[in-house]
Structures are given as C-alpha cells and as structure tokens.
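Chemist: Starting from the known structure of chain A, arrange chain B on it as the hints suggest.
Residue numbers (the numbering used here), protein chains in the order written: chain A, 1 to 505; chain B, 506 to 604.
Simulated from the structure, these hints should not be mistaken for lab results.
One or more hints might be untrue.
Negatives, chain A to chain B, calculated, CB over 10 Å [unchecked claim]:
1) Trp-58
2) Arg-171
3) Glu-179
4) Asp-225
5) Ile-433
Facing chain A, according to a computed beta carbon distance under 7 Å, are these residues of chain B, among others [claimed, not checked]:
6) Ala-546
7) Asp-559
8) Gln-563
9) Val-577
10) Gly-580
11) Ile-587
Beta carbons are placed, not taken as given, at the ideal position from N, Cα and C, and that holds for glycine.
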Amino acid sequence: MTFNAPVLNYTLLSPILILLGGALLGVLVEAFVSKAMRAVTQLSLTVGTLVLSLAQVWRIHNEQSMSAAMGSVIIDGPGVLLQASILIISIISVFLIADTDHFTALAAALPGSEEERHSLESGNQVTEVYPLTLFAISGMMLFPIASDLITLFVALEMLSLPLYLMAGLSRRRRLASQEAALKYFLLGAFSSAFFLFGMAYLYGYSASVTYAGIRESIVGGSGNDVLLLIGMAFLTIGLLFKVGAVPFHAWSPDVYQGAPTPITGFMAAATKVAAFGAMLRIYYTVFANAQWSWSPLLSLIAIVTMLFGSLVAISQRDVKRMLAYSSIAHAGFLLAGVIALNKAGLEASIFYLFAYGVATVGAFAVVTLVRDSSGEVTDLNRWKGLGKRSPWVAISFAGFLLAFAGIPLTSGFIGKFSIFSAAYESGAKGLVIAGVLSSAIAAFFYIRVIVLMFFTDPSQDGTSVQLPSILTRATLIISMAVTVVLGVYPAPLLNLISHFSTFIR
Amino acid sequence: MNAANYLYLSALLFTIGAVGVVVRRNAIVVFMCIELMLNAANLSFVTFSRINGDLNGQVIAFFTMVVAACEVVVGLAIIVTIYRSRRSASIDDASLLKR
Numbered sequence: 001m002t003f004n005a006p007v008l009n010y011t012l013l014s015p016i017l018i019l020l021g022g023a024l025l026g027v028l029v030e031a032f033v034s035k036a037m038r039a040v041t042q043l044s045l046t047v048g049t050l051v052l053s054l055a056q057v058w059r060i061h062n063e064q065s066m067s068a069a070m071g072s073v074i075i076d077g078p079g080v081l082l083q084a085s086i087l088i089i090s091i092i093s094v095f096l097i098a099d100t101d102h103f104t105a106l107a108a109a110l111p112g113s114e115e116e117r118h119s120l121e122s123g124n125q126v127t128e129v130y131p132l133t134l135f136a137i138s139g140m141m142l143f144p145i146a147s148d149l150i151t152l153f154v155a156l157e158m159l160s161l162p163l164y165l166m167a168g169l170s171r172r173r174r175l176a177s178q179e180a181a182l183k184y185f186l187l188g189a190f191s192s193a194f195f196l197f198g199m200a201y202l203y204g205y206s207a208s209v210t211y212a213g214i215r216e217s218i219v220g221g222s223g224n225d226v227l228l229l230i231g232m233a234f235l236t237i238g239l240l241f242k243v244g245a246v247p248f249h250a251w252s253p254d255v256y257q258g259a260p261t262p263i264t265g266f267m268a269a270a271t272k273v274a275a276f277g278a279m280l281r282i283y284y285t286v287f288a289n290a291q292w293s294w295s296p297l298l299s300l301i302a303i304v305t306m307l308f309g310s311l312v313a314i315s316q317r318d319v320k321r322m323l324a325y326s327s328i329a330h331a332g333f334l335l336a337g338v339i340a341l342n343k344a345g346l347e348a349s350i351f352y353l354f355a356y357g358v359a360t361v362g363a364f365a366v367v368t369l370v371r372d373s374s375g376e377v378t379d380l381n382r383w384k385g386l387g388k389r390s391p392w393v394a395i396s397f398a399g400f401l402l403a404f405a406g407i408p409l410t411s412g413f414i415g416k417f418s419i420f421s422a423a424y425e426s427g428a429k430g431l432v433i434a435g436v437l438s439s440a441i442a443a444f445f446y447i448r449v450i451v452l453m454f455f456t457d458p459s460q461d462g463t464s465v466q467l468p469s470i471l472t473r474a475t476l477i478i479s480m481a482v483t484v485v486l487g488v489y490p491a492p493l494l495n496l497i498s499h500f501s502t503f504i505r
Numbered sequence: 506m507n508a509a510n511y512l513y514l515s516a517l518l519f520t521i522g523a524v525g526v527v528v529r530r531n532a533i534v535v536f537m538c539i540e541l542m543l544n545a546a547n548l549s550f551v552t553f554s555r556i557n558g559d560l561n562g563q564v565i566a567f568f569t570m571v572v573a574a575c576e577v578v579v580g581l582a583i584i585v586t587i588y589r590s591r592r593s594a595s596i597d598d599a600s601l602l603k604r
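Just chain A, same shape as in the assembly (with noise of 0.2 Å):
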C-alpha cells in the first residue's frame, strides 16, 4: 500500500497559516518574554500578524482554486471578502483588547481572594487573551471557506474554544464574567453536538465528506431524502445557534452581559461574519437544490428572529443586553440574505456582515468608556445625559446606532435596503415586510437611547467617561468614519463586492 503525501498550495492558504503561527509565537512569548515587556511585545507580535495576514489576503485576492488543500478548503471571491473581513474586524477590536483594563490579572485565582489582590498589585496581566484571539481568528478564517465537513468542524472548534475561555476573563463582576463562559460554553457545545449529528447524517445521505459530493447527492436526488432531511435540519440548529437566531439564542444576552466589553464587541462582529460566512457558502453551493425542503422553515425563523430581537430589546435597561438583542434582530435580517438565495442577496449579505461588524466593534468601543470608579458602567439610566458631558462620545455612539437603525447616509441603510431589495427580489415578500416592521420597531429603542443621552439631564451618580486611550481611539475613529463613508458613498465597495462574490463550486 503506498501513500501519496497531500499537496498543499501554501500561497493561498498563507493569510491561515501566518495566522496560527503569530498565534503560536505568541504562546513562546507567554513562555520566555520578561512581564515588563510581555503586553507591548504581545500587542505588536498580534497586529503585526493580523496585518500581514490582511496583506496575503490581498495578493491572493484575484485566484481561485478548489484545490489549496487537496478539496479541503475553497478560495473565491466571497471566501476571500469575508476573509479580509474578518481580518479588519479583528484589528480594530485587538486593539481595544490592547486596554488590559478590562481583564483579570490572574484568572486562576479565587474572586477577591489574597492571591488575586496580589497579582492586580504586583501588575500581573493576562496577556494570554493575545494568542487565543490569534487561535480563534484562524479558527474563523477557515470557517467560511472550508469545503468538506470535516474541515468545517475543525473551523468551527477552533473559533468555539478560545472564546469559551476569553468570556470567563472579566476584571470587574467577576463571578457573572464566569458564570457567562460556563453558559457558553455548555451551550456551544450542546450545538456542537446536533452540528455533528447532522454532520453525520449528511454522510450518510451522501457518502462522501466534501459539499462537492453532497451536491450531487442532492442534485442526483437517488438518496435517502430522509438522513438528509435530518442532517440539514441538525446542522443547521448548529449554524443558528452561533449566529445566534431564535430560537438558539438564549446565550448570547447572558454572555454578551458577562464577558469582557472588548471580547463582546470582538465575538459579536467576527463570528457573525465567520459564522454568516459558513451558512452561506452552505446554503448557496450545498442546499440549493433542496430549497424547497429548507425555505419555508429556514424564513419562519427568520421572521421569529427579527421580530424577537426588536420587541424584547425594548425592554432591557443594560446597554450590553440591549445590544445583544439588536444583534439578535440583526441575524434575522441576515438570515433573509441566506434565504434570497441569489447573487443579489449573497452580495448584500457580505456589505451587511462587514457593515455591521465593524458598526458593532464601535460600539462596544463607546461601552468600554463610560465608567465609575468600580468599572464599566452598562445601566441605560446612569447613562443620562452623555452628551452634555461627553458631546463626542455620545455622537458616536449616536452615529453606530443609527447605523443599526438603518438611518439614510450610515453603512446600516445601504445594507438593510440591498438586503431586503435581495429578499424582495427573490419572492420573500413576508419576510420583507416583517423585516421593514421589526426595523422600525428596532428604530424605536435606538433612537430612546439617543434621546436619553441628548436630551435628558445628566445624573449626579460618578459616572463620567474615560478619555479613551490612543488605541480605543483609532478603533472609534476607524469604525465611525467606515460607518459614515459606506453610508455616503458606498458604490466603490459594492462594486467591489459585486465584482468577486461568485461561489465557485
């Protein structure tokens, strides 16, 4: 019997790799660097490698191949976009990750015990966050172009795992910041295990592991319609729950509250997209021909979802539970990109995921600065009258909400309108209109906040807001000035879009 080694074209799976080994040096800097010289060695080492791995994605920007590792993954233009998509998100939160504020000095030692106090004292920092942000961005660069399901399960561990750990990190309220990597974990790995039942069930149906195979199973339509019929429905209660739609969404207010505001903001906006990304792929190569079995369904959640996210997120009194629902009612209306199922709505879908991403990162930046002297400060009414204090903060913060709004001339309204126009376009009427009524519902309680922070006077209670650091800063800067230019003048990047999301099959 002889083997024949696999052939691997490491120029186009170069922006992975680069990545994994960034995130493996990080963990020798864990090992041999001094503590003084450990965060600013570790900072540099993981935007040096987010930036390197951005500049490999561009070089390869213009191939495509199914055959970068022996039919394992797929590079195309789509899986290229959501790529570099994913790579500016991440910048842009490591560096408010940069801010060791937010993180426990030593995350082994008892809340309020002798040890923690002493390591807090002696300036101990948990600059491990660095490389597990490495590993789970490698994790969901691979998610969105993998192309057998093995690969796709490998992906989806390797985003899981590090977040996992990265919620349980807090700094301040630390037994919540616990209690939310418990629930996400359990969670996440209860749907990992339907993700794999339908995994296996694909199999089944189909005999082979590639999306390649399955297709033509289903195209042949010879097989079982049954183990397939069981293996889209398992795969897909995996895929919603990391989206985070009705109804598999009941970790994300809880974990979005508990973990770290950086990590929040870093989870919300890149696993949306890796996870979107997936589905996508999934839905519009894979499924495609099975529409009718998946459609009806796949819209009915959709509908639940956005309008579940908007009518509950009226009622939440903390800006990080509020968020979490608006993000709910986001995935709904991403979902309706999937359920187009034309190049129209794959398109939009990818303005919308990048829109969003880098709208949410903002967000959760403006969160991290409002603070009193025992931390981040999220309840709504101690929120009172930012603006007269803090005008430019609260502008922002303004500004991202109009943006998930969909308010004319931000990113948000260009990408609601393509995608709904997508759905439209392809018959979904429903969901169109439930989209528009959730959307205006959703305007409602963004817009109270604005009111809120404007037109209210300010409470006496100590809050106030940190002059945020250079780095929190560029963060601010880079995601409003993307959410307003997308907004005024969005051709150039839908062209863009336009001209490379095409699957290649």
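Modeler: Below, chain B without anything else, positioned relative to chain A:
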C-alpha cells in the same frame, strides 16, 4: 447483523444525551451528557462508513475524539473555576445574569 440497528442505537444515545443536558443540574453531568451526544454522532459516522463502504467516516470519528478531548480541557477548566469560586457546580446556582 443489520447495520441500521447501530443507527437506532446511536439515535437513542444521542437522545439520552440531549435529554440529560436539559434535565440534569450538575455542570459535570451536563458535560458528560454532551460527550455522550458527540460519541453517538461518532457511532453514526462509523456505521454510515460501513454502510457506504467509504473510509472517510472513520477518519471523522478520530477527528471528533481529538476535538472532544480539547473540549474537555477547556470545559473542565471553566467548570473547576466556577466550582472554586462558588463551591457548587450546579448550573442553577449560576444565575447572576438574569436582567
């Protein structure tokens, strides 16, 4: 023996695991139920591999074992931290984050 019986067994194990996750209250037991679900999926993979005469399913089973081992590492770390700070591994006690 009819290979489909193994599929029934795997579906049964998966259901037992899923019910366990929903009804049990100890984080460790919930986690063990999740592992049971992963192993049920593994049994399905191997059975389908046998039915289809294709080796990929068995390869996936190995991958799943590795991934499950990674999950144990991360999961036990999180559960032990919670246990140390709360002196309880019950998932009902961890309820700070409810509005």
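Chemist: Each hint should be assessed against the structure and marked as holding or not.
Modeler: Against the structure, the hints:
1. Trp-58: 32 Å, holds
2. Arg-171: Fine: 14 Å to the nearest Cβ keeps Arg-171(A) off the interface.
3. Glu-179: Given a closest Cβ separation of 4 Å, the condition is violated.
4. Asp-225: At about 16 Å from chain B, Asp-225(A) clears the 10 Å cut-off, so the statement holds.
5. Ile-433: Fine: 31 Å to the nearest Cβ keeps Ile-433(A) off the interface.
6. Ala-546: Constraint on Ala-546(B) satisfied, holds at 4 Å.
7. Asp-559: Hint holds; Asp-559(B) Cβ to chain A Cβ min 5 Å, cut 7 Å.
8. Gln-563: 11 Å, violated
9. Val-577: 10 Å, violated
10. Gly-580: This interface hint holds because 6 Å falls under the 7 Å limit.
11. Ile-587: 5 Å, holds
The structure fails to meet hints 3, 8 and 9 from the earlier list, while all remaining hints are met.
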